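Let the hints inform the model, and build the full structure from the sequences given.
Protein chains: 6
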Amino acid sequence: MSPAAERALKEATLPKGDAFVAAQLAGIMAAKQTESLIPLAHTLPLSSGDVRFEWAGAGTLRVEAEARTVARTGVELEALVAASIAALTIYDMTKAVEKDIAIESIRLLEKSGGKSGHWVRK
Amino acid sequence: MSPAAERALKEATLPKGDAFVAAQLAGIMAAKQTESLIPLAHTLPLSSGDVRFEWAGAGTLRVEAEARTVARTGVELEALVAASIAALTIYDMTKAVEKDIAIESIRLLEKSGGKSGHWVRK
Amino acid sequence: MSPAAERALKEATLPKGDAFVAAQLAGIMAAKQTESLIPLAHTLPLSSGDVRFEWAGAGTLRVEAEARTVARTGVELEALVAASIAALTIYDMTKAVEKDIAIESIRLLEKSGGKSGHWVRK
Amino acid sequence: MSPAAERALKEATLPKGDAFVAAQLAGIMAAKQTESLIPLAHTLPLSSGDVRFEWAGAGTLRVEAEARTVARTGVELEALVAASIAALTIYDMTKAVEKDIAIESIRLLEKSGGKSGHWVRK
Amino acid sequence: MSPAAERALKEATLPKGDAFVAAQLAGIMAAKQTESLIPLAHTLPLSSGDVRFEWAGAGTLRVEAEARTVARTGVELEALVAASIAALTIYDMTKAVEKDIAIESIRLLEKSGGKSGHWVRK
Amino acid sequence: MSPAAERALKEATLPKGDAFVAAQLAGIMAAKQTESLIPLAHTLPLSSGDVRFEWAGAGTLRVEAEARTVARTGVELEALVAASIAALTIYDMTKAVEKDIAIESIRLLEKSGGKSGHWVRK
Chain A
1 MSPAAERALK EATLPKGDAF VAAQLAGIMA AKQTESLIPL AHTLPLSSGD VRFEWAGAGT
61 LRVEAEARTV ARTGVELEAL VAASIAALTI YDMTKAVEKD IAIESIRLLE KSGGKSGHWV
121 RK
Chain B
1 MSPAAERALK EATLPKGDAF VAAQLAGIMA AKQTESLIPL AHTLPLSSGD VRFEWAGAGT
61 LRVEAEARTV ARTGVELEAL VAASIAALTI YDMTKAVEKD IAIESIRLLE KSGGKSGHWV
121 RK
Chain C
1 MSPAAERALK EATLPKGDAF VAAQLAGIMA AKQTESLIPL AHTLPLSSGD VRFEWAGAGT
61 LRVEAEARTV ARTGVELEAL VAASIAALTI YDMTKAVEKD IAIESIRLLE KSGGKSGHWV
121 RK
Chain D
1 MSPAAERALK EATLPKGDAF VAAQLAGIMA AKQTESLIPL AHTLPLSSGD VRFEWAGAGT
61 LRVEAEARTV ARTGVELEAL VAASIAALTI YDMTKAVEKD IAIESIRLLE KSGGKSGHWV
121 RK
Chain E
1 MSPAAERALK EATLPKGDAF VAAQLAGIMA AKQTESLIPL AHTLPLSSGD VRFEWAGAGT
61 LRVEAEARTV ARTGVELEAL VAASIAALTI YDMTKAVEKD IAIESIRLLE KSGGKSGHWV
121 RK
Chain F
1 MSPAAERALK EATLPKGDAF VAAQLAGIMA AKQTESLIPL AHTLPLSSGD VRFEWAGAGT
61 LRVEAEARTV ARTGVELEAL VAASIAALTI YDMTKAVEKD IAIESIRLLE KSGGKSGHWV
121 RK
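Residue numbers (the working numbering), protein chains in the order written: chain A, 1 to 122; chain B, 1 to 122; chain C, 1 to 122; chain D, 1 to 122; chain E, 1 to 122; chain F, 1 to 122.
Incorrect hints may appear among the rest.
Given that identical chains are not distinguished, each listed pair holds provided it fits within a single copy or across any two copies.
What the hints assert, rightly or not - With a cut-off of at most 30 Å between alpha-carbon atoms, the simulated DSSO-like pairs for lysine-lysine come out as follows:
#1 LYS122 x LYS99
#2 LYS99 x LYS10
#3 LYS122 x LYS111
Quick caveat, the hints were computed from the structure, so don't treat them as lab data. Since the model is a prediction, treat every value here as computed from it, not as a measurement.
Laid out in structure tokens, this is it:
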């Protein structure tokens, strides 16, 4: 994103309020709706979900989401949905300042548990 | 994505069926839910929404979404939500073949109408 | 439906309460969700919706739904969704008494307004 | 349905795309929403859901839905909701060609598991 | 509420129908949606939910809701959501007669089970 | 609420984060879902919605919600739903500290526009 959008986010002076808290909640709430967003996703009870933000260089905000469950199917989609909707909420709240923001590289970083065992992105 | 995932998508031999039609519908349906996904998004009636797919080089699938409305607020979030959920549905349907797929560069390409006029990404 | 289920409905002595009021409300609420149930249905504001019930012979309950809108697209799907969900709610509330109930002939009876004019089923 | 609507469905030349895939997905997604459609239905996790189509004579399309769960309550409503919404989606996608299509005989065919044992419609 | 609103409720002569059944169902349905209404509420399967009404003096309607679950987290929010939405539905159905109705004292009365044991409001 | 809960809210040291921002967003998002929560509420497009908090004496938090629309029906239910869900979210986030919090006096304060004109609670 541009320096202007970054400054606005950091100073939390956006017309629509604190974008980070809104984005975190939107991500967590969307993760709980994964089954109704992704056609063949299974209904599963989230044990916990979280979304964290970190500035990773000038103009680059890193969004990291985590989801846990005790169900018998994987929960990676829930985490990816949380990250995507959190990022889109940041976009929504900064688009008055800058339309050009791009969401880069939504991807799975790590998965553990289940029959496929522990997997870490190389 | 990997050649194996690309082949699976092209041959529509995925265990979960034709991923493109599912992803298109999931994107369109999610666009209609934008107001309940993005906390401060406005309720607006979509006049039309569409999601298209195109192979843009080896291992690269391009997802393009479009949204139209006659309401007084912008509709770019609806298009970005449609593209994101469509891409995540593709991910969901190929993750049995490959966990590594990344969704790159979700961004606004063009916007017209409204008080901000015609805008095209450079 | 069987005489036992009909009697139960008429006496409103079902374990789950008055099936008709529940079915009417379920139908009206589902009609408002048509856009999220039918993939390509348009978002439209219902001006009014109603579901009515009438005994049409032994073991036969007639369910009639009506939907009105001032939008530019048709509203027949909303009425058909209301009738279907109302009938399924009746089924849900009588299935402890009888599993055999069938929902026959969900169909459009009449449509007026819009560019296609007045249409009545023959 | 009329020969014109049947032909349109078979040739998948409908303006709105492949009606069967859309109807299958709509049915599966609606089954997952049963608890919010049918007032007193229980929240239960679907293990799997499916909707299949078969031409059963001239002008007659058979829609068959299946739902499985490991919960302690029955899952027949989920299957009936899937079949109903799938059929209404077919209706939505052919109504430009024919308004007269009727959905006949939504009913339970078979149920197994649970305390009531195996039940097959006569 | 005023004597006029109370009379209307008691005689069930409201333009919108029997307010008690509607409010009971609305409360139960909302309880099932608690996870999507309260941002950090957990997904949990309701074993049962109920809403009851009782006249507790002139102009005072008592709304009591109950929720049960076998999940590992508490279910008090589900009961409070049910009571709140049931009361708001009563409000919606009497507001044509009286705008002044107030919903007083939404609070937890009793909770049992779970690690915090049996709790009763003093 | 008790001094302990008030202190926790004021210091924003709750385990679940900043309760006010979460409650504000939950209220605004719930207002947009009013039509699916209140059985006979109309579908209407919110022009704007807001929820504000103010300490109104020891142990008393005042929650004020506002909703605006350009539709032909009233929007008071949307504001009351926003206030109720915002208050329940505060409850959810402080219940680890205190179960005793009561939500007192949810009521309409002022309404303007529409055929009933300007109305202010006495």
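Hints, verified against the model:
Taking identical chains as interchangeable, the C-alpha atoms of LYS122 and LYS99 lie at most 30 Å apart only when they sit on different chains, with a minimum of 11 Å there against 32 Å within one chain. Taking identical chains as interchangeable, the C-alpha atoms of LYS99 and LYS10 lie at most 30 Å apart only when both belong to the same chain, with a minimum of 18 Å there against 34 Å between chains. Taking identical chains as interchangeable, the C-alpha atoms of LYS122 and LYS111 lie at most 30 Å apart only when both belong to the same chain, with a minimum of 12 Å there against 37 Å between chains.
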